[in-house]
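The sequence shown begins at 177 in the numbering used here and counts up by one.
Keep in mind that a hint or two might mislead.
Now the in silico label distances, taken between C-beta atoms and shown as ranges [as the list claims (entries may be wrong)]:
1) S256 / A303: 42 to 50 Å
2) S262 / T226: 46 to 54 Å
3) Q285 / N248: 20 to 28 Å
4) A269 / I302: 25 to 33 Å
5) A269 / R324: 27 to 35 Å
Rather than coming from a laboratory, the hints here were simulated on the basis of the structure.
Quick reminder that beta carbons are idealized off the backbone N, C-alpha and C, glycines included.
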Amino acid sequence: MIAKSKSHTKGRCVRHLTGISLLGLSLCLGGCTSSMDLFGSTPKVDRTLTGTIPNKPQPSSETVSDEATVRNAVTSADLSKTATHSVPWANTATGSAGVVSSIREDRSQGYLCRAFTTTRHSFEGIAMFSGEACQTGTGDWMLTAFDRQ
Numbered sequence: 177m178i179a180k181s182k183s184h185t186k187g188r189c190v191r192h193l194t195g196i197s198l199l200g201l202s203l204c205l206g207g208c209t210s211s212m213d214l215f216g217s218t219p220k221v222d223r224t225l226t227g228t229i230p231n232k233p234q235p236s237s238e239t240v241s242d243e244a245t246v247r248n249a250v251t252s253a254d255l256s257k258t259a260t261h262s263v264p265w266a267n268t269a270t271g272s273a274g275v276v277s278s279i280r281e282d283r284s285q286g287y288l289c290r291a292f293t294t295t296r297h298s299f300e301g302i303a304m305f306s307g308e309a310c311q312t313g314t315g316d317w318m319l320t321a322f323d324r325q
């Protein structure tokens with residue numbers, strides 16, 4: 177029978193315990209730096225879509241409807257009569273109304289444009305706007321500017 181010393185067997189146990197301790201510690205600390213998704217419940221790839229943020233918020237359908245009503249009032253106005261009178265407008269679809277206080281016609285860029293100022297009375301309150309409507313090559317009018325002051 178060969179006898180082994182306690183230091184030889186004791187060293188082996190200490191090495192095993194040290195190895196197991198280090199393995200356990202590394203698994204615990206690994207959870208702090210990364211997620212261990214053992215069951216595949218989370219997606220592996222971030223599929224979040226990104227896009228550019230528009231510079232200006234898109235107008236609501238009420239605003240678009242009011243803009244069309246103002247455009248029609250400005251473009252159908254008889255400028256020989258509106259020099260001293262204002263042009264009222266009302267949009268029954270939105271309940272908004274206002275008064276176009278000035279219209280200036282301009283042909284300097286090769287096409288007919290009408291710059292104007294108007295008020296808008298709506299459920300949001302009363303606001304002042306400036307804008308411009310220009311005639312296209314087909315004879316239709318297009319609102320090229322409508323900005324709140």
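Now the hints, each set against the structure:
Between S256 and A303, the C-beta spacing of about 29 Å breaks the proposed range 42 to 50 Å. Between S262 and T226 the Cβ separation comes to about 47 Å, which falls inside the hinted range of 46 to 54 Å. Checked against the hint of 20 to 28 Å, the C-beta distance between Q285 and N248 comes to roughly 22 Å, which is consistent with it. For the pair A269 and I302, the supplied restraint of 25 to 33 Å is violated, since their beta-carbon distance comes to about 19 Å.
A269 and R324 have their C-beta atoms about 20 Å apart, which leaves the hinted 27 to 35 Å range violated.
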